[in-house]
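> Just so you know, the protein sequences line up as chains A and B, in that order.
Here our numbering is used: the first sequence runs in plain steps of one and ends on residue 512.
Here our numbering is used: the second sequence runs in plain steps of one and ends on residue 1084.
In short, the hints are calculated from the structure, not lab data.
Note that the structure is predicted; figures quoted are calculated from it, not measured.
It cannot be assumed that every hint is accurate.
If you want a taste of the chain A side facing chain B, the calculated C-beta under 8 Å gives, among others [to be verified]:
(1) L75
(2) W76
(3) V90
(4) P221
(5) L222
(6) L232
(7) R263
(8) R266
(9) R267
(10) L273
(11) I381
(12) V382
(13) Y384
Now the stretches of chain A that chain B is said to cover, found in silico as 3 or more residues with beta-carbon under 8 Å [to be verified]:
(14) 427–439
(15) 492–502
Quick reminder that beta carbons are idealized off the backbone N, C-alpha and C, glycines included.
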Amino acid sequence: MSPAISLTAIGLVVVATIGIGLFGLRISRTTSDFYVASRAVSPRWNASAISGEYLSAASFLGVAGLVLVNGADMLWFSVGYTVGYLMLLVLVAAPLRRSGAYTLPDFAETRFESPVVRRICAGLVVGIGTLYLLPQLHGAGLAVQTVTGAPPQVGAMIVAVIVVINVAAGGMRSITFVQAFQYWLKLTALATPIFVILLAWHQPVGVLDSLHGAAAEWAEPLSRAGGRDHPLYATYSLLLALCFGTMGLPHVLVRFYTNPDGRAARRTTVVVLALLGLFYLFPPMYAVLGRTFAPDLVGAGGDTVVLELPGRVFPGTTGDLLGALVAAGAFAAFLSTSSGLTVAIAGVIDQDLLRSRLHRWTGGDYVAVNSFRIAALIAMIVPYLAFTVTGALSLADTVGLAFALAASTFCPLLVLGIWWRRMSTTGAAAGLVVGGIAASAAALVNVAGAPEGGWPRALVGQPAAWTMPLAFLTVIVVSKLTPHRIPAGTARSMVRLHTPEAVDVDRGLPSR
Amino acid sequence: MQSLIQSQLRLTLVVIGSVVLVLGSIPLLFWLVPPTRTLSVLGLPLPWVVLGILVYPVMYVAARIYVRNAERIEAEFTEFVGRQ
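Turn these sequences into a full structure, and let the hints steer you where they fit.
Structure below.
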């Protein structure tokens, strides 16, 4: 792989990202612009932006790597990432937009009328966001290392600095443009090498050799090719985490508030499903080709297969150019997901932790936007420090834990909060705490060193199948026990969440 | 109002139920009928065709159907409220 061409391509992505970000700065003026682009982004722009933000290092590099190493069971990762949006669509998309809240803690506070629930949510947003930023930085380090041989800290630092500059400069409006651009860049970067390879092969049959024959055990589902015990349990638990975790990811939710109304929120989600399905056709192809052309990567963890494959298939200039394109796409993935996460985390840090304190310290002599900029810096420094001290889990595995945590906390809060009128404030808090503790305990055990094997390892490695029902059960049981703690405004909240905008009703909130 | 929420919830549960039934039965099928794990369809193994290609258009169509029905429920509600 030629470092010069790849570095030029990465440089172009960085320049384009900052350029579009600065363009956004010129038109984003108010705090509302900063957070949600004044809620006037059309469904197509928004869908490209949501997909661009969602397709992270785990999707761009991690899925192909996991399938390459662990075989067909890992195809469920991309399926789950996509089905998560279908669940989000049918359970929360329109009501969430109609809730009129800016962030998850906002939603929790207006629905449950409790600053305590709000504070727990703020903590969870920071926690899930950090857990999700970690693999982005790890992926960036890996990409720069593959291209230039520099230590992983370099790539992580580059992404961290650019994201903070971009988020602090333009906020959400510029991020919408940047994200939409990055979806198409990522799709192009991933698809082009595959098409070139398929065109260059006069007999495409040979390309599929790794799927058939004696050495094809990896291509069978439930085959334990990746050395995982209880593959059936792991498959169901993973599917559950991904399907119901998506709606609880902080950067995904913030993005839904940029739709003009509930109907647009639904239509946007449908377009997102199409864009994601299109994208996820490609990573498995890298795994299949990788088994033939780069079998040595199977033992090396596999996360670099997308980056290395073009160079392996075409030694020479063609390989260099395609490799540069893929490296650029990978960088787009780190930048876009990290930007979205940073906006979401910074929004929460700004509103819930920083602004009131800044106000007290400076005696009101500050600009609200500056508080957001400081928050953006904090939002990135924490995961960067975590990155420098933690070991390397596989990209998609770390992301899987973030999904499990979201599925065990925000999923019950949102689903029951939107559809169940007898949910009590105490029940909401208890569910968040129990689900949060159970899922983070599993994540910590994983990072510290997973159990040897058998059921303990399976249960800790894919915790959602027990932590998510546990959280739901906690909310329901505690709510039944504390009927006097059902929020007084529940009926009005339900009207606000479910009434179409065309109907004129008292929503209990000033229209923004 | 209660009836609006109930019809939306019913629609949501139908969609989730179908997805659980369809997606949930795939690993079970591979588990119970091992030959399906290696069955070849158009030169590709069945699991790869289903999980790598087929699921995506199916999910998209499910989403389209859901949105059409959800908007119909809302339109009926809006009309009903407007007539009162």
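> Hint by hint, say whether it matches the structure.
Cross-check of the supplied hints:
no.: 1; hint: L75; result: holds (4 Å)
no.: 2; hint: W76; result: holds (7 Å)
no.: 3; hint: V90; result: holds (4 Å)
no.: 4; hint: P221; result: holds (5 Å)
no.: 5; hint: L222; result: holds (5 Å)
no.: 6; hint: L232; result: holds (5 Å)
no.: 7; hint: R263; result: holds (7 Å)
no.: 8; hint: R266; result: holds (5 Å)
no.: 9; hint: R267; result: holds (7 Å)
no.: 10; hint: L273; result: holds (5 Å)
no.: 11; hint: I381; result: violated (38 Å)
no.: 12; hint: V382; result: violated (35 Å)
no.: 13; hint: Y384; result: violated (35 Å)
no.: 14; hint: 427–439; result: violated (count 0)
no.: 15; hint: 492–502; result: holds (count 6)
Of the numbered hints stated above, those contradicted by the structure are hints 11, 12, 13 and 14, listed in ascending order.
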